[in-house]
Structure formats: structure tokens, C-alpha cells
Amino acid sequence: DTEVTQTPKHLVMGMTNKKSLKCEQHMGHRAMYWYKQKAKKPPELMFVYSYEKLSINESVPSRFSPECPNSSLLNLHLHALQPEDSALYLCASSQDGQGRGNTIYFGEGSWLTVV
Amino acid sequence: GESVGLHLPTLSVQEGDNSIINCAYSNSASDYFIWYKQESGKGPQFIIDIRSNMDKRQGQRVTVLLNKTVKHLSLQIAATQPGDSAVYFCAENPWDQGGKLIFGQGTELSVKP
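Taken in order, these protein sequences are the chains called A and B. Here the first sequence is numbered in this note's numbering, starting from 2 and rising by one per residue. Here the second sequence is numbered in this note's numbering, starting from 718 and rising by one per residue.
Everything labelled a hint here was simulated from the structure, so no lab data went into it. We put the CB at the ideal spot given by N, CA and C, even for glycine. One thing to keep in mind: the hints can contain errors.
[What the hints assert, rightly or not] If we take Cβ atoms under 8 Å as the criterion, some of the chain A residues that face chain B in the derived model are:
| no. | residue |
| --- | --- |
| 1 | 6 |
| 2 | 34 |
| 3 | 40 |
| 4 | 46 |
| 5 | 47 |
| 6 | 51 |
| 7 | 56 |
| 8 | 60 |
| 9 | 61 |
| 10 | 88 |
| 11 | 91 |
| 12 | 105 |
| 13 | 106 |
| 14 | 107 |
| 15 | 109 |
| 16 | 110 |
[To be verified] Under the rule of at most 20 Å between Cα atoms (straight-line distance), these lysine to aspartate or glutamate pairs were calculated in the EDC-like manner:
| no. | chain 1 | residue 1 | chain 2 | residue 2 |
| --- | --- | --- | --- | --- |
| 17 | A | 37 | A | 86 |
| 18 | A | 42 | B | 772 |
| 19 | A | 41 | B | 825 |
[Said to hold, decoys possible] Some chain B residues flagged as far from chain A (calculated, every beta-carbon gap over 12 Å):
| no. | residue |
| --- | --- |
| 20 | 804 |
| 21 | 808 |
| 22 | 815 |
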């Protein structure tokens, strides 16, 4: 079982709604990630936090806003999403703050449907 | 652009047979590789990893082989079981791209009882 916990498991939201996805890990990891995965495709990196600071933003639209309140928590705030943003959103973490050469562990994901 | 690719998108094997899933990579800066298993409706699950200073690494029923000369990675599953049915992704971690994992396209493994 993964030690990266994501909530909610399923979320349906309208295009004018504001919602948040949450992620928590208690492995003492210093790097945390958000990935987006469409059906039958590999995960695509969105953001990387290293030592609680945003280190990588893969040109993600501003309607996705990440937040890292502390080293164990990672949020993804959602606002004014489009139906094409419907996907599985995966949180992950790794021990090394730079995320290099360390195993990256994934949560079970949050299934997002935008209507 | 640089990418990690898989030779076969689907693989069907008989229960008890050995499975081999292949992966090609092109980023010479990659020095760490991971295989993930993703079952339907779940997140990717770590299976095994290997660093570029190794050619082979074994786990429980799984073996990863790395050929840096031809930039090729493979995952071997011994005595494949129905529970092994899933999509398998290889991923590379280039040393010069921080925490970025580059995933291959995935291979769907189907195990026939």
C-alpha cells in the first residue's frame, strides 16, 4: 500500500467551481510532485516542490495552483477548469529534496471530472 | 525531443510463463531508472529501480536489465501470474533535470489463466 494519501478519491466539479485536491505523506520526504494522467497515457509532470519551495512548473495553466503548507502536505487548488482537465491527478513524493536519483512513490490519485 | 519508449504496447502471456517488457531511452544524462506497475483505477506502484552503474538488478520474481550502450531497459517477470496483469511504465530520471521523471508510453500486460 502506498504511503502517499490523496483526497478526495473522486471529485466532480463545474467549470465555475473552486475545489482543492489534497496530498499527505509521512515518510519524511522532502520532494513532492503533482502529475496529471489521462486514460491509457503515462503520467505528465505538473509541479515539483523541493524543501517546500516550488522548483518546477511545467508551464501549467494558472487555473491550477499548487500549495505546499509544510513538508508533509501538498495541495492543488482548482478554479475555472475546463472539461479537458478531467483526468487522474497523482501526487508523489521522494526522499531527496532535489528529487534526483531517489525512488518516487505515488498515491492512488484523485479522479477529477469537470462538467 | 528526448523520450522513453516501449517496443510493444501490449503483451499477452500464459500464466506461469516469463514476461519480458522492453523500453528504449534516449537521454544520455539519465542515470536512474524505475519500473512502475499500474493496475486499473490505481496509482503507479514502484516495482524495481536500477542505477546507471549497474547492469542488472533482481527483486522478487522481477529482474531489470540495463544496457547503456544501446540505451535499452527491460523488465523480466518470472512465472507470470494473473495478478501481474497491469500497465507497466518505465521511467528515467536525468541527473540534470532535478526531480523530473520521464515516462515511457506503457505496455499493457495481460495474463491468460
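Comparing the hints with the structure gives:
1. 6: Hint on residue 6 (chain A): violated, closest Cβ of chain B at ~11 Å, above 8 Å.
2. 34: holds (7 Å)
3. 40: violated (10 Å)
4. 46: Because about 6 Å separates residue 46 (chain A) from the closest Cβ in chain B, which is inside the 8 Å limit, the hint holds.
5. 47: violated (11 Å)
6. 51: The hint holds - residue 51 (chain A) has a Cβ within 8 Å of chain B, the shortest such distance being about 7 Å.
7. 56: Holds: closest Cβ of chain B sits about 6 Å from residue 56 (chain A), inside 8 Å.
8. 60: violated (13 Å)
9. 61: violated (14 Å)
10. 88: Nearest chain B Cβ about 13 Å off; hint violated.
11. 91: Because about 5 Å separates residue 91 (chain A) from the closest Cβ in chain B, which is inside the 8 Å limit, the hint holds.
12. 105: This hint holds: residue 105 (chain A) lies near chain B, its Cβ roughly 6 Å from the closest one there, short of 8 Å.
13. 106: holds (6 Å)
14. 107: holds (4 Å)
15. 109: With a closest approach of 4 Å, the residue 109 (chain A) hint holds.
16. 110: Result: holds, 5 Å to nearest chain B Cβ.
17. A:37 / A:86: holds (9 Å)
18. A:42 / B:772: violated (28 Å)
19. A:41 / B:825: Holds. Residue 41 (chain A) to residue 825 (chain B) sits at ~9 Å (cutoff 20 Å).
20. 804: violated (8 Å)
21. 808: violated (8 Å)
22. 815: Answer for residue 815 (chain B): violated, closest chain A Cβ roughly 5 Å.
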